[in-house]
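**Student:** Chain by chain, the residues:
There are 2 protein chains.
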Amino acid sequence: MAGGGGRKVVELFFDVLSPYTWLGFEVLCRYRSIWNIDVKLRPGFLSGIIHATGNQAPAMVPKKGAYMVHDLQRLATYYQVPLKQPSDFFEVVLNKGSLSAMRFVTAIDMAHPEFVESVSRELWKRIWSTDEDITQPESLLSAAQKAGLPSEEAQKMLKMISSPEVKNRLRDSTEEALNYGAFGMPAIVAHVKGTPHLFFGCDRFELLAHLLGEKWLGPLPPVKAKSHM
Amino acid sequence: MAGGGGRKVVELFFDVLSPYTWLGFEVLCRYRSIWNIDVKLRPGFLSGIIHATGNQAPAMVPKKGAYMVHDLQRLATYYQVPLKQPSDFFEVVLNKGSLSAMRFVTAIDMAHPEFVESVSRELWKRIWSTDEDITQPESLLSAAQKAGLPSEEAQKMLKMISSPEVKNRLRDSTEEALNYGAFGMPAIVAHVKGTPHLFFGCDRFELLAHLLGEKWLGPLPPVKAKSHM
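Line by line, the protein sequences are chains A and B. No gaps in the numbering here: position 151 of the first sequence is 151 in our numbering, and each next residue is one more. No gaps in the numbering here: position 89 of the second sequence is 89 in our numbering, and each next residue is one more.
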């Protein structure tokens, strides 16, 4: 898999349910204009990966859950991503989930891929920053509106989320992540000389840089292009 | 908790059963002479932490286990630590474990703390590099000998491992790690302005540096003191 102009392809399999993935997403968006890479944003379904692998959500171990709250806050501050815990983590993350949100992002990826980044960011902001719903139709439309997607287009995408095409595409990309070895998210797959290399988590960028022959400059590299936040 | 000469204290709760902890251990040993820190090596018992918290060994999820093999190899190469998988991971790590080894290190910590680093490294090399046993008395004595501990002293430490003093001390330090919030290893506790900050894993050094007001120079910082490997 080769990017345009000899650029290496780095795929990010993501779900807006995952806060660590938000951090990884922002870092990759920042480095896209610094490293010689093509970042491919791949909407996937985290719950599907967790269930298929027999993994458990880390927050199911109470001490791990408590640590994660601190760890995320520390990372978010250092990475300058405005991440905050939702008021009811179990209800919002484990019960309500992200299926319709990720189908919506998948529909956008099919019809308006140029809006995948901005709509996903708005969805992350809702669930992981301003403590707002991401399951209701009006929530999805509001995120799309903030991202600048024209209203009639957003309505079309919303209608698409119950179509077999969208459902299958989300299932297929989740399956693809599993085939690369993913057991959680973020699942970052770097293609180098025809070989895919899986990195799990938002804490392997120094290694990823090393593999790509690039330099890790920390989570806030000097800005070359316009800011994304 | 303040270190000598105004240095900040960084505690590493470790168990030679954990390969990620070996990586963290070598990084801290390298940075000890670069950052203004006192590194306190704290032998603990990983299985005790896993059981007390209801955590599961990551290798119990097959895809996670497969990923860890690659991840460890990639990290070990990048960190320049000669880590290799044992031939029978489940037998060596999950069945045989490290109880007598960590009691031996605890005895050394009580009687000859200056040998904790070198004996621990030799034990890690046995289990995680040269695929040798760490459960038999002769294995422990061999590690101690390679670390330069005089033979009659090593024999004394070996006798101590069944004493209540050693057993209690290992249990207490494991308990202490749990009280700091640990749910696995490495558990790194940095004491800054009277507050303990827990970091889990060998992938938070950039954040640790930030907290300490120091600079992360990667896993192979320019050597100031003699090499430890």
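Don't take each hint at face value.
It does not matter which identical chain is used: a pair holds within one copy or between any two.
Claimed, not checked - 30 Å max Cα-Cα, derived DSBU-like pairs, lysine-lysine:
# : residue 1 : residue 2
1 : Lys-96    : Lys-63
2 : Lys-96    : Lys-215
3 : Lys-146   : Lys-63
4 : Lys-8     : Lys-40
Source of the hints: derived by calculation from the structure; they are not laboratory data.
**Student:** Does each hint fit the structure? Answer for all of them.
**Tutor:** These are the hints, each one checked on the structure:
1. Lys-96 x Lys-63: both (23 Å within a copy, 26 Å between copies)
2. Lys-96 x Lys-215: neither (39 Å within a copy, 41 Å between copies)
3. Lys-146 x Lys-63: For Lys-146 and Lys-63, neither the intra-copy (36 Å) nor the inter-copy (38 Å) Cα distance is at most 30 Å.
4. Lys-8 x Lys-40: within (10 Å within a copy, 43 Å between copies)
Consistency note: the structure conflicts with the earlier hints numbered 2 and 3.
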